[in-house]
Structure formats: structure tokens, C-alpha cells
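Engineer: So the chains spell out like this:
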Amino acid sequence: MWRDALLVGGKDLRIEIRGRVATMQVAPYAMLVLLLFGFAFDQDHNLLTQAAPGLFWVAVLLSSLLAVQRSFAIEATDGTRDGLRLSGLDPAGIFLGKVAAVVIELVALEVLLGVGVVVLFGTRLHDPALLVVSALVASVGLAAAGTVYGMIASGVRGRETLLPLLVLPVVAPVLLAATQCWMAALGSSTTDGWRWLSLLVAFGVIYLALGVVSFSTLVEET
Amino acid sequence: MSYVAGGWAAAGVLVAVYTWRTLRRGRVLVRSLPPGEKTWR
Amino acid sequence: MTVHKGTANQLTRVLGAGSLVTVALTALFGLWLTPPDAVQGQLVRLIYVHPAAATACYVGFGLCALASLAYLWPRTRSRRWDRLAAASAEVGVVFCVITLATGSIWGRGSWGVWWTWDARLTLTALLCAVFLGYLALRRTGGNPESRALTSAIVAVVCVALVPIDHYATSWWTTLHQGDTLMRANPLIHGSQLYTMLLSFVAVGLVFSWLVVHRYRVEVLEDRFEEEGFAVAIAERRAEASAAVQDRPAESAVVGPGPAVAASSSSAGSEMGRDGEVSE
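Chains as they are written, first to last, in the numbering used here: chain A, 247 to 468; chain B, 5 to 45; chain C, 822 to 1100.
No lab work stands behind these hints: they were computed from the structure.
Since this is a predicted model, take the numbers as computed values, not measurements.
Glycine residues also receive a C-beta, built at the ideal position from the N, C-alpha and C atoms.
Check each hint, because a few of them may be wrong.
Claimed, not checked - Computed, partial: chain A to chain C, Cβ under 7 angstroms:
(1) Pro419
(2) Leu445
(3) Val447
(4) Phe449
(5) Ala455
To be verified - Taking CB as the label site, the calculated pair distances span:
(6) Arg896(C) / Val32(B): 33 to 43 angstroms
(7) Arg896(C) / Trp248(A): 29 to 39 angstroms
(8) Leu252(A) / Glu1046(C): 38 to 48 angstroms
(9) Gly963(C) / Ile263(A): 52 to 62 angstroms
As the list claims (entries may be wrong) - Which bits of chain A does chain C cover? Going by a derived footprint, with three or more residues having C-beta under 8 angstroms, they are:
(10) 362-370
(11) 396-403
(12) 406-414
(13) 422-429
With the sequences and hints as input, model every part of the structure.
Structural biologist: Printed below as a string of C-alpha cells:
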């Protein structure tokens, strides 16, 4: 299973690096979202600093949708799905590999966006450990949920519009918890960030377990 | 008082519209069944 | 032609009549016969709609999750559970929207805002969005078996996430607002209590009546997906031609086999229509 995961994850990442879609389209899109938030809040520096964690995570959420869509778009052409199905790879391995690839993409994106937030909105760091750990855990949760629903949505018509409708309400608690973690980590609120982190961990574990259990059915059926 | 009326009306309208739509869907489907089988089963 | 009864039968007629009577009684008691509340005034009359609708919504979603679990369990796998999940989720969403609407109106009346980020309200809104996604997934078509399986998985996941959503929303709201905006629970007693219980009976009857009808619609739609629409379309054409040319087409319907008779009469109607145009 782990070997299969490495195989699939490595393949996805190689495609993304060589295709340059992630770097040339998704990353600029995320930065653009940040810029638009700046316009929407009318250069109000205090407001932007206050809202920075939330805006950051909304930008990550929107970009994660694109990342998941990419992750399944590369399986959609040339009958690759059937190839994947017939390859004899462990479905759980396929799931974990895809999740890992999306997590790595998201983390790269978060680093970029984090720099963007610091530069554009002028925030200061308070608790870097919490910042990094919560970002990692939240990315795992987002990627796991996104991959489960990406697999479900990839088999049906209208998938471009169905995926956001399925994913966004489900990952709403991730947005809430990650934002609270970051607010604590950036020192803009006095909440107990580690308590929110436990919620992120629970979400990630539930979706990873669920994906491992159900992915064989989903690969067969959709 | 107008809030009460609004709340009751909203609930009533929603249920009425949904009921009408569901019953109509059922009627149209039953009517389209092959001849001789005019029940929902 | 016979009168088409739709998806009704003895059971739904009893349920429908029962729900009509109880809803009328609830409206009579709730809107006129019970006194206004000491704290809430006339606004208390919304208590005869809102809690019952909220309960129906949660029952609908819970039923959907249980039916989906029953479908996923190999021993009890049956399309019936899938249909029940579809029906109860859809009716649940209807009651969820009613809950949100009446709750919002109540909030506006009692503290002047349409929406408060109350934990339970936020959770209900999230659930509504989640189940709208579930219904959208169901509507995408495809192979019925695989659709049933994937939507069952999605439904179970949605409900499994309720605890996480619950903690997230309640921590979040206690963080932002004190107890100032908490709902001032009116004291319930006497006729108000009985009317509220009656409203639960009424909404329960309406709920089950709708679920039964919706379930049967699902049965019919499954049949049409499996048997195809060809027969139905032929039949519709036969009826149309019977309406245009009074007798002859109708006698054509009474043929040896349903499909043959329908197709032959539809061909006849096409010819007849062509003839009319050329004349």
C-alpha cells in the first residue's frame, strides 16, 4: 500500500511539475484572490491584519478545489481511469498517493500565500510552531476530503460545478478551525489554538480513514 | 404579529409547493406507465 | 381513460387527511385560541412551527443516514434503502429551509436581526448546504447501482461529520458572543404546551406523508430508468392522437401487447398529423 502510494503520488507530482499548470495557473490564481481581498477591504490596514488568517484560509480553500480538480483531470483523459483500475495498485494506496501529492502542492501554495499575506497585509508572527503544525494538519484534512469527493465527482457529469458544492460545506469546519489556529498563532486573538488543532486532527483522521476504507468501492463504481 | 404571519406563511408556502411538485411528479410518471399498469408499483 | 391516482393509496389518503386536520387544528389553536406569551408576546406563536420543523429536518437527515448505512451493509443491501434515503433527505431539506426561514423571522422579531451566528443556527445552515450537495450528487444520473453506493457513502460521511461541525460552531460562537443574544426561552404551560405537542404530531404526519409519496416517485423513476422511456413516449403519443381523432386511435390501443399496440398507434398518429399538415 505504501509503495503504491509513493508511486501514485510521485507520478502526480511529476505531471504537475512538468505540466507547469500548478505553478503557472493555480499559484497566480491564489495570489490574485489575496489581491482582490485587499481591494474588497479598501486598503484598511487594521481590518486586513485582523482578517488576514481568515482570508488566507479562504484563498487556500479555493485553490485546493483547483488542485483536486487537477488531480482528477489528469486521470480523466485517454482512459487513464481504466488503466488505474486495471493496474492492480491497492486502491487505498492510490488514495493516499493522491492525497500526499495534493498536500505537497497545498503546502507549497501556503508558503507562497503566507509570504503574500505578510507582504500585502503586514501581519506579524507570534507562535510559528502552531502556525506550521496547523497548516500541515489542515492541508491533510483538505486534501483527504477533496480527494474523496474528487473521486466521486469525477465520474459524473457536471463535475466542475458539483465538486465545490460537495466539498465547501464539508470543509467549512476546517476553515473555522484553521482560521482560529492562525489567529492564535499570529497573536490577533487569545483563543486556545491547540484546542482547535485537535479538531483539525480529528477531521483529517476521519477523512483519511474514510478514504482508505471506501476508495476501492469508489474506484470500482464511479 | 406580521412576523408570525410571515413565518407561518413561509412554512405553508414551502410545504405546499413541495407537496404539489411531488404529487405532480408522481401523477405524470404514473400516467406514462405502459397501458395496463396504472399503479405506482 | 381512467382517472390517474398518482402515487396515492389508502395509506397516503389516511396520512394526508390526518395531516390536514392536525395542521388546521394547530393553526386554529396556535394563531387564535392560545394566549400571547408574557415575555415574547405574539411572537411565541412561531413556536408552533419552528421546533417541530427543526425536529422533522433532523429526523429526515438521520433517517437518510440510517437508510444509507443499511444500504452499505451487504446483508441488508436493497434499493429500497436507497430510495428511502433519497426521499427522507429531500423532505429533510424542505423542513431545513422552513426551520431556517422561521428561525430567521423569529430572530428578526425578537432581537431585530435576521441572522445571529448562534451555534445551532449555523450548524443547521451547514447541514442544509451539505445535504443540498448530496441531492445534487443524486441528480447527476448514471448507473443506478453505483449512484446508490456513492450517495450512501456521502450521506454517511455527512452525518459522521455532525459532531465536528457541532464542536466547531459552538466553540466559535461562544468565542464571539456572550449570552446576551441567547434565545430567551418562553415559559411553556397549559394550552401552549398542548398546542406545541399538537404541532409535532401535525408536522410528523406531514413529514411521513411526503416521504411516502416521494419514495413512490423514486420507485417510478427507477422503473423509467431501467425500462427506458420508449414505451412511455409511445403511450403519450397514443393518448394525444386519441384526443385529436376521437375514436379510431383509442380502439387501436386495445391491442395484443402493450408495446406493440402503443407503437402501432403512435405510427398512426404521425401519419395522421402529416396528413393534416399536407391538407
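Engineer: Next, verify each hint and record whether it holds.
Structural biologist: Against the structure, the hints:
| no. | hint | verdict |
| --- | --- | --- |
| 1 | Pro419 | 4 angstroms, holds |
| 2 | Leu445 | 6 angstroms, holds |
| 3 | Val447 | 11 angstroms, violated |
| 4 | Phe449 | 6 angstroms, holds |
| 5 | Ala455 | 10 angstroms, violated |
| 6 | Arg896(C) / Val32(B): 33 to 43 angstroms | 36 angstroms, holds |
| 7 | Arg896(C) / Trp248(A): 29 to 39 angstroms | 32 angstroms, holds |
| 8 | Leu252(A) / Glu1046(C): 38 to 48 angstroms | 41 angstroms, holds |
| 9 | Gly963(C) / Ile263(A): 52 to 62 angstroms | 34 angstroms, violated |
| 10 | 362-370 | violated (count 0) |
| 11 | 396-403 | holds (count 5) |
| 12 | 406-414 | holds (count 4) |
| 13 | 422-429 | holds (count 3) |
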